[in-house]
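Sequences and hints are given; from them, build the entire structure.
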Amino acid sequence: MRTVAARTAGTEPVRSVGDSARRAFLAILWRDLYVTGKEFWVLLVQVALTPLFMLFIFAKVLVEQGSVSAAYGHNLLLPGIIALSAFLTSLQSVAFPLVMEFGWTKEIEDRLLAPLPTDLVAVEKLLMATMRGLIAAMLMYPIGALVLGSAPWHPDRIPLLLLALLLGAWVGAGIGITIGTLVPPARISLMFGLILTPLMFTGATQYAWPLLDTMRWFQVVTAFNPLTYCAEAVRAAMVPTVPHIRPWISIVALVASAALFTATGVLSFRKRAQS
Amino acid sequence: MSGTSGVDDAPAVEVVDLVKRYPKREDNAVDGLSFTVRPGEVFGLLGPNGAGKSTTVGILTTRLPATSGAARLSGIDLLRDPVSARARLAVVAQRPNLDRSLTPRQNLTFHAAYHGVGRADRNERAAALLEQFGLADQADAKVDWYSGGMAQRLMIARSLIHEPDVLFLDEPTTGLDPQARLFVWDRIGELRDRGVTILLTTHDMNEAADLCDRVGIVDHGKLLALDTPEALTRGIRAQAVLDLSVTPAAQEHLATLLSDLGAVEGVERVEQPAASPAAAGAQDQGPAAGDLPATVQIRLYLSADPALVLPAVVGLLSGRSAALTNVRIGTGSLEDVFIDLTGRGLR
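Going line by line, the protein sequences match chains X and A. Counting in numbering that gives the first Met the number 0, the first sequence runs from 0 upward without gaps. Counting in numbering that gives the first Met the number 0, the second sequence runs from 0 upward without gaps.
These aren't lab readings, by the way, just hints derived from the structure by calculation. Model, not experiment: these values are computed from the prediction. Be a bit skeptical, because a hint or two may be false.
[As the list claims (entries may be wrong)] Pairs of lysine-lysine residues, derived as DSBU-like cross-links and limited to a Cα-Cα distance of at most 35 Å, are as follows: (1) X:LYS105 with A:LYS141; (2) X:LYS270 with A:LYS221; (3) X:LYS37 with X:LYS105; (4) A:LYS221 with X:LYS105; (5) X:LYS37 with A:LYS23; (6) A:LYS141 with X:LYS59.
See below:
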């Protein structure tokens, strides 16, 4: 049996702080990739079922019954649902685990004690959640096409689509980290009901924002939800004939929201890590 | 004492006037703490619950910001350069904080990867540590299935895989069964023999006395005493004790007996240790008629040589038809020092 020897001076190369932080960052990123890969179907079940059922009921069942026109599913709901998947998946896939890891299981401590600045642990969480949101949205596109029979397709607008989804997932991740580090474990169900449900339904995912001009107050309310701009930009990319907020406005609003919630997320993560 | 100081004069841990005040609190959780830990030393912070031990460890392991003061680890300023310090230290937390998404073996290898240990090296070290900590058979099970003792062993193994300069153990045996506790003590003893510097917190006197080269007694965030366990126990007021097991006569009034024992020359104080089964009931009324006379434990704190006091005590007891069933002559324990310094009040 070989026992691990105590540190023998001089055998290990002395690493700079930057080098050790880079290695630690990649290692914790690899840990999250590994764990996400291992349990990706769990994540999909958790986050993709709600949008999928919404799509099925509103764009398939109600169309079959004649209550809703077929165009509603293709033009309004499917783009909205794809945007919602990016946003919601990244938000939930980071917020729920963070509440648990900080509150009950303390699992995160090992990564907080890795040789890298605490802010970088938050950045890694943000990066990982954004990736998960993007992947979920990209899966929702073909699944939606299967449910509806077809899906709008504009190859020349794919860069806008990807940019909108990337930014939407990033904003969701920022909000997720902020919630996940601010909400005490005992309050998790209450806060998710209070925050998630309004976010889902004021985000212009089931309706077009410009057409809300007959309900001015609701149009104003939805303008404060970053998800609105994600859904509008996705709609601009997928169904350009439907009235939508001008893409550059949506992108600027998403970039601003991403910056804001990245800042709040990193700050509240730092505060939570030090308590 | 480790006796190795002088080889390397830089302290492993150096704490100077450390203060921590939590927001919205009147008192400082850590209130001007200063001490140094020498390389290769096992240093114990002993104190009641809420004394500030865990907060101190939190600051020294870069998890908590200090309010003021200075702390260095292997010469690195912990408060200014936490990232460099994290590469040199390891912590075994009070509560299990294993990564439940990973297997036990992966808990070790990923931890090593966070600390920049190469792939071949970390796999080899993980296998060796799992073997050493008796976990090789369950290395690829689920962490959730581990018992408290196994989780504790895995956490210690994990803390060692990046070969830290200083190992922090926050109440390493709290809540473990006796076997697991002995196992952990043996491992700590091995680490000490290999020259790993250890700072542990505990409220277990035996743990502090058996494992530590030096012990700092902390309460209300302040250091009350700091020395080797032997020197600490030598310094307390009552130097020796007589532990008596006595079966009083049936009609005996226990309170009278105790006060008479207290009046014997050389006896400073009489006490019934908390463990005594008869202590509570027999205190005032004595054994009820018809009951078998109960044996009571009595501890006499002496100011004179036990050999001189004992004959008088035996004489007094036999004069009152009390049967003396057991006698132990003891010197003061670390527990006496602890109670003496921190008081008897519950926390």
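Now the hints, each set against the structure:
For the proposed pair X:LYS105 and A:LYS141, the alpha carbon gap of about 17 Å is at most 35 Å, so the pair holds. About 26 Å separates the Cα atoms of X:LYS270 and A:LYS221, which keeps this hinted pair within 35 Å; it holds. Between X:LYS37 and X:LYS105, the direct Cα distance comes to roughly 21 Å. Compliance with the 35 Å bound is thereby established for this hinted pair. Under the criterion of a C-alpha separation no larger than 35 Å, the hint pairing A:LYS221 with X:LYS105 is consistent with the structure, at around 28 Å.
About 43 Å separates the Cα atoms of X:LYS37 and A:LYS23, which puts this hinted pair outside 35 Å; it is violated. For the proposed pair A:LYS141 and X:LYS59, the alpha carbon gap of about 43 Å is over 35 Å, so the pair is violated.
The structure shown violates the earlier hints numbered 5, 6.
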